[in-house]
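Construct all of the structure, not just a fragment, from the sequences and the given hints.
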Amino acid sequence: MSSSRVVSTRARARYSTSKVVLSVVGVVVALVWFFPVYWMLNSSLLSNVVLTSNAPSFAPIGGSFDNFVSVFQGGSFLPALGMSVVIALLVVAVCLLFAFLAAVAISRFRFRGRTGFVLAILFVQMLPAEGLFIAQYKLMSSVGLLNSVIGISILYIASVVPFTIWMLRGFVAGIPADLEEAAMVDGLSRTQAFLRITFPLLAPGLVASGVYAFLQSWNEFTVALVVLQDQSSQTLPLWLRGFIQASASKAIDWGQVMAASTLVAIPVIIFFLLVQGRMTSGLVGGAVKG
Amino acid sequence: MTAMSTRLTVPRRRRRLAPYALLVPTVVVLVLAMGYPLAWQLVTSLQQFGLAQQFGQPAPFVGLGNYIRLATDPYLWTVVGRSLLFCFATAAATMLIGTLLALLMRAVPAAVRIMLQIALLLAWAMPVVAAMTVWTWLFDWHRGVVNWLLSAAGLPFQQHNWLQNPLSFFAVAAIIVIWMSVPFVAFSLFAGLTQVPEEVLEAAQMDGATPAQRFWRITVPIIRPVISIVLLLQIIWDLRVFTQIKLLQDSGSIASETNLLGTYIYQLGAGSSDFGTASAVSIFVLILTIALSGFYVRSMLKEDKA
Chain A
13 MSSSRVVSTR
23 ARARYSTSKV
33 VLSVVGVVVA
43 LVWFFPVYWM
53 LNSSLLSNVV
63 LTSNAPSFAP
73 IGGSFDNFVS
83 VFQGGSFLPA
93 LGMSVVIALL
103 VVAVCLLFAF
113 LAAVAISRFR
123 FRGRTGFVLA
133 ILFVQMLPAE
143 GLFIAQYKLM
153 SSVGLLNSVI
163 GISILYIASV
173 VPFTIWMLRG
183 FVAGIPADLE
193 EAAMVDGLSR
203 TQAFLRITFP
213 LLAPGLVASG
223 VYAFLQSWNE
233 FTVALVVLQD
243 QSSQTLPLWL
253 RGFIQASASK
263 AIDWGQVMAA
273 STLVAIPVII
283 FFLLVQGRMT
293 SGLVGGAVKG
Chain B
2 MTAMSTRLTV
12 PRRRRRLAPY
22 ALLVPTVVVL
32 VLAMGYPLAW
42 QLVTSLQQFG
52 LAQQFGQPAP
62 FVGLGNYIRL
72 ATDPYLWTVV
82 GRSLLFCFAT
92 AAATMLIGTL
102 LALLMRAVPA
112 AVRIMLQIAL
122 LLAWAMPVVA
132 AMTVWTWLFD
142 WHRGVVNWLL
152 SAAGLPFQQH
162 NWLQNPLSFF
172 AVAAIIVIWM
182 SVPFVAFSLF
192 AGLTQVPEEV
202 LEAAQMDGAT
212 PAQRFWRITV
222 PIIRPVISIV
232 LLLQIIWDLR
242 VFTQIKLLQD
252 SGSIASETNL
262 LGTYIYQLGA
272 GSSDFGTASA
282 VSIFVLILTI
292 ALSGFYVRSM
302 LKEDKA
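First to last, the protein sequences are chains A and B.
Note that this note's numbering has the first sequence beginning at 13, numbered continuously upward.
Note that this note's numbering has the second sequence beginning at 2, numbered continuously upward.
Any given hint could be a false lead.
[Unchecked claim] Listed below are several chain A residues computed to face chain B (Cβ distance under 10 Å; list not exhaustive): (1) V39; (2) L43; (3) W51; (4) S55; (5) N66; (6) P68; (7) A71; (8) G74; (9) V98; (10) R122; (11) V130; (12) L144; (13) L227; (14) L248; (15) W266; (16) S273.
[What the hints assert, rightly or not] Under the rule of at most 25 Å between Cα atoms (straight-line distance), these lysine to aspartate or glutamate pairs were calculated in the DMTMM-like manner: (17) K306(B) - D265(A); (18) K31(A) - E304(B); (19) K306(B) - E193(A).
I should point out that these hints are in silico values taken from the structure, not numbers from a laboratory.
Ideal Cβ placement from N, Cα and C applies to all residues, glycine included.
Okay, structure coming up:
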C-alpha cells in the first residue's frame, strides 16, 4: 500500500483489525464452500453402520475403501464407465476436427456468410437442452438410434461444437499467417507449412477445447435421460441417478453413493483445474483481460 | 488480409470455396442434430400429436390450438411464473454473493485468498449429478447432516423432510444452484477487479472518498461490462435448471407442485406423450432464451470484429 504514508497510526490499527476480520470471514466462507466436497469424500470412506448412527462422523476415522470396492463389484459401474468414456472420446475427437476446420475458416478467411455463421454458432451455444430434447428423442427413435453411442454422440457434438469453435478461433487468429508464408517461401507447401508450423502452436488451444468437450459430454444428464433409457446403455450421470431415485421411500447406502460420486467427480475435477482459465475467458470474452 | 496474398499459389476458385468446404462438417452436424429437431418441433407444435400419433395415426393440424390452449392454461402460467421467480432470485443472490466474494478475495492476504480460490474451484468443478447426490445426502431427512446441525442448535429439524414442501424444495434447489454458480461469478469479477487502476482508487481516497463511494463511483463503472455479461449468463443458465430440479423431484417430492419449465416439458413429452403441447412449450422456452441471448451475442460479435 503506497498510501500508507498518509494513513495515520490509528487508521492503520483499524485497518489491520478489519483485515483480520475479513480473513476470518474468508476462511469461514472457504470452509462452507468446501464442505459438500469434503462431506462426499468423508462419507465415501465410512461404513454404512457409522453413517446411520445417531451422530454424524466429521472425520473418516476408522474409514476404509470398502465402499469403492463394492461399487466396482456392483457390476453396473464398469459398463456405465465404458459408455461414458467411449462417448466422451468420440465427442472430443470429432468436435476437435470439425471445430478446427471451422475455426480456420472464420479466422483466416473473409467470405460471404461469415457473420451469419458466427451469429448462428453464438445463438446455438445458448440454446437450452430442455428446448429441444423431446424433438431430439423423436428424431433418434425414428432413425433407430435410441440407446446407441452414435446417436447420443451426434447430439453432443452438435451442442458442444459451437463453443469449441469459439474457443479455437482465438487461438488460430493468434498465430500470424506470416509465419506460414515465410515457411512457404522456404519451399514448404501450404499444407506442409500448416502442419509443421501452425499446428504445433495450436496445441494448447486444442487441449483446452478438447477438455471442454470432454467435460460437457461426461457431465451431460438432460439429453442422456431421454435418449439413453435402457439400463444397459446408461452413462455415469444416469447410473448415479439410479442411486438416489426415490430415496425418500427406500434405505440408501449413502457410503456407496458417495464413493460412486467421488469416482465420477475425480476425473472431472482434475481436467477442470487444467482448463478453468481458458473457459472463463472464452465465456466472458473481451470483458475480462485477466 | 495477409493470408489472401498466398492465393497466387492456389487456384482462385479453390481459394474462394475453401472456407465453405471447411464449414461443411459443422453445418451438417448442426442441421442434423438441431435444425431438423427444431423444424419438427415447430411443425408438431401446430399439430395434435399424442399417444395415438405415437402409434402411427396421422397428426391433424390444429393451427395455433396448442398455443391457445397453453396460454389459457393457468398451470402453464404458474410454471412460467415459478421459473422466472426462481431464475431471478437465484441469479440475484448469485451475483450478490459472487461480487462480495470477489471483493473479499482482493482484500484478504494471499494465503486466505488461495484457500477461497481452491474451495470455489472445487465446487465449480463438481459434475452436476455428483453435486446433486451430495446435496441430497446433506439434506436427507433421516440422517442428513443439515438436520443434525440444526437440531443440535436447538431448532426443531429432527427428521424434517425438506423436499416435501414446495417452498423449502425450492429453497434447497436455490442453495444448490447458488453454490454451483457463485464460483464463476466470483472468478470473473475478481479478474475484472484487477483492471481497476490502483492509483485512481488511491487518489479518490486522498480526496476523502469513502470506501462505498469508491466502490460505486469508480470500481462499478469500470467493471460494468463484466458485470452485465456475467449477470446475463446467470439468468440464461438459471432458466435451465432441469438436472437439479429433476433429481430433487426423483428423491421424493410431488412433481406437479415443483415443476419448472424444463421438467414440465419433460413431463409432457416423456411422461404423457403429448408431443404437440411439449413442442409448443419448448418453442416458448427457445424464444425466451434467444430474446435473452441477444445482448450477449451482440457483445461477443463486437469482440469478433475487433
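Hints and how they fare:
1. Look at V39(A): its Cβ gets to within about 6 Å of chain B, closer than 10 Å, so that hint holds up.
2. Given hint, L43(A) at the interface with chain B, holds; its Cβ is 7 Å from that chain's nearest Cβ, closer than 10 Å.
3. Hint status for W51(A) relative to chain B: holds, with the closest Cβ pair at about 6 Å, below 10 Å.
4. At its closest, the beta carbon of S55(A) sits 7 Å from a beta carbon of chain B; the interface hint therefore holds under the 10 Å criterion.
5. For N66(A), the shortest C-beta to C-beta distance to chain B is roughly 9 Å, which falls under 10 Å, so the interface hint holds.
6. Satisfaction of the interface hint for P68(A) is found here, the shortest Cβ-Cβ separation to chain B being roughly 5 Å, below the 10 Å cut-off.
7. The beta carbon of A71(A) comes no nearer than 13 Å to any beta carbon in chain B, farther than 10 Å, and the hint placing it at the interface is violated.
8. Checking G74(A) against chain B: minimum C-beta separation of about 18 Å lies over 10 Å; hint violated.
9. A least Cβ separation of about 18 Å between V98(A) and chain B goes past the 10 Å threshold, and the interface hint is therefore violated.
10. Interface hint status for R122(A): upheld, as the beta-carbon distance to the closest one in chain B is roughly 6 Å, under 10 Å.
11. Interface restraint check: V130(A) against chain B, minimum CB-CB distance 6 Å, threshold 10 Å, status holds.
12. Hint on L144(A) holds. Least Cβ distance to chain B is approximately 5 Å, under the 10 Å limit.
13. Among the interface hints, the one on L227(A) holds; its C-beta lies about 8 Å from the nearest C-beta in chain B, closer than the 10 Å criterion.
14. Against a cut-off of 10 Å between C-beta atoms, the interface hint on L248(A) holds, since the closest Cβ of chain B lies about 8 Å away.
15. Of the supplied interface hints, the one on W266(A) holds, with its beta-carbon coming within about 5 Å of a beta-carbon of chain B, less than 10 Å.
16. Contact between S273(A) and chain B, as hinted, is supported at the beta carbon level, the nearest pair being about 4 Å apart and thus within 10 Å.
17. Between K306(B) and D265(A) the CA atoms are separated by roughly 55 Å; this puts the pair beyond 25 Å, and the hint is violated.
18. The suggested pairing of K31(A) with E304(B) is violated, with an alpha-carbon distance near 38 Å, which exceeds 25 Å.
19. Restraint check for K306(B) and E193(A): satisfied, since their Cα atoms lie roughly 24 Å apart, inside the 25 Å limit.
In this structure, the earlier hints numbered 7, 8, 9, 17 and 18 are contradicted, and the remaining ones agree with it.
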